[in-house]
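*Asks:* Position 181 of the sequence shown, counted from 1, bears residue number 181 in UniProt numbering, the numbering being contiguous throughout.
No lab work stands behind these hints: they were computed from the structure.
Pairs of lysine to aspartate or glutamate residues, derived as DMTMM-like cross-links and limited to a Cα-Cα distance of at most 20 Å, are as follows:
no., residue 1, residue 2
1, Lys199, Glu210
2, Lys189, Asp119
3, Lys66, Asp137
4, Lys93, Glu224
5, Lys253, Asp242
6, Lys171, Asp232
7, Lys215, Glu69
8, Lys215, Asp5
9, Lys66, Glu202
10, Lys93, Asp77
11, Lys171, Glu210
12, Lys16, Glu87
13, Lys16, Glu83
14, Lys182, Asp249
15, Lys198, Asp249
16, Lys171, Asp242
17, Lys16, Asp90
Label-pair restraints from in silico Cβ distances:
no., residue 1, residue 2, range
18, Lys253, Ser116, 24 to 32 Å
19, Phe94, Lys16, 13 to 21 Å
20, Leu174, Ser78, 40 to 48 Å
21, Thr177, Asp32, 35 to 43 Å
22, Asn183, Val115, 17 to 25 Å
23, Pro230, Ser78, 22 to 30 Å
24, Gly64, Glu218, 25 to 33 Å
25, Leu35, Thr250, 34 to 42 Å
26, Ile228, Leu180, 24 to 32 Å
27, Leu35, Gly64, 22 to 30 Å
28, Ile15, Glu202, 34 to 42 Å
29, Thr175, Ser78, 44 to 52 Å
30, Lys182, Thr227, 33 to 41 Å
31, Ser246, Ala188, 25 to 33 Å
Ideal Cβ positions, reconstructed from N, Cα and C, are used throughout, including at glycine.
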Amino acid sequence: MINPDIRTVNVVQYIKPLREGGSLPAIVEADDGFLYVLKFRGAGQGKSALIAEFLGGELARAIGLKVPELVFMNLDDSFSQTEPDEEIQDLLKFSVGLNLGLHFLSGAITYDPLVSEIDGITASKIVLLDSLISNIDRTHKNTNLLQWHTETWVIDNGASFYFHHNWPTWKNHLTRTFPLIKNHVLLAKASHLLEAAKKIKEILNQDTVEAIVSKIPEDWLTNEKETITPNDKRAAYITYLDAKISMIDTLAKEAQDER
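Let's have the full structure, built from the sequences with the hints guiding it.
*Replies:* Below, the structure written as structure tokens:
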């Protein structure tokens with residue numbers, strides 16, 4: 001189900017960086033008393049990666065997958081002033097404002113395709129989700145999945161929607177399939193692709209897609225270096241997702257053929 005309200009919290013303590021992540025996310029505490037993995041707007045791919053992370057997470061949640069709660073996180077400029085590490089100091093400085101947080105799953109372990117268990121319908125849903133959002137980063141090298149309380153949780157969707165790094169050509173992607181699905185870590189276990197495709201089509205109707213896209217913060221859609229407006233970007237994400245959902249049977253066949 002769609003989360004009706006994405007909460008907004010304030011960062012009150014920077015705890016530690018997660019250096020295994022290329023964008024240097026961090027564990028932080030918020031003013032609600034919970035710990036979160038904070039994804040920074042000032043990191044490599046900037047606000048576009050936050051949008052991809054947000055859309056991918058909420059679409060995954062909508063189709064019944066396990067996703068840590070996503071929250072918008074306000075970061076003020078006080079943290080950079082007390083951080084001794086220059087790299088982290090710069091990251092904090094460039095990330096003042098609204099960022100994205102994922103609820104920290106304490107004790108979770110990285111999904112291991114050799115030993116972790118996952119059922120065929122869940123694996124199929126994840127494979128098709130990543131086909132829909134063009135996620136290039138859920139491979140054996142980097143699974144971006146967690147095992148927590150014997151369940152598989154979807155995290156780290158920031159490498160999705162890569163068309164939004166070159167807005168002038170975004171329409172070229174509307175009819176493309178996703179051949180890179182051949183590298184997906186769960187492809188071998190995705191034994192119910194046609195069933196999963198049917199379920200996803202039933203859930204991800206236009207109203208659902210529009211409701212999720214409408215939650216993207218206006219600030220994340222604003223870029224002075226681009227001529228495309230925030231409203232046009234929002235419309236583009238909706239058009240893109242509608243196009244991909246309409247061809248989900250083709251995407252399912254592509255994944256099935258790669259299996």
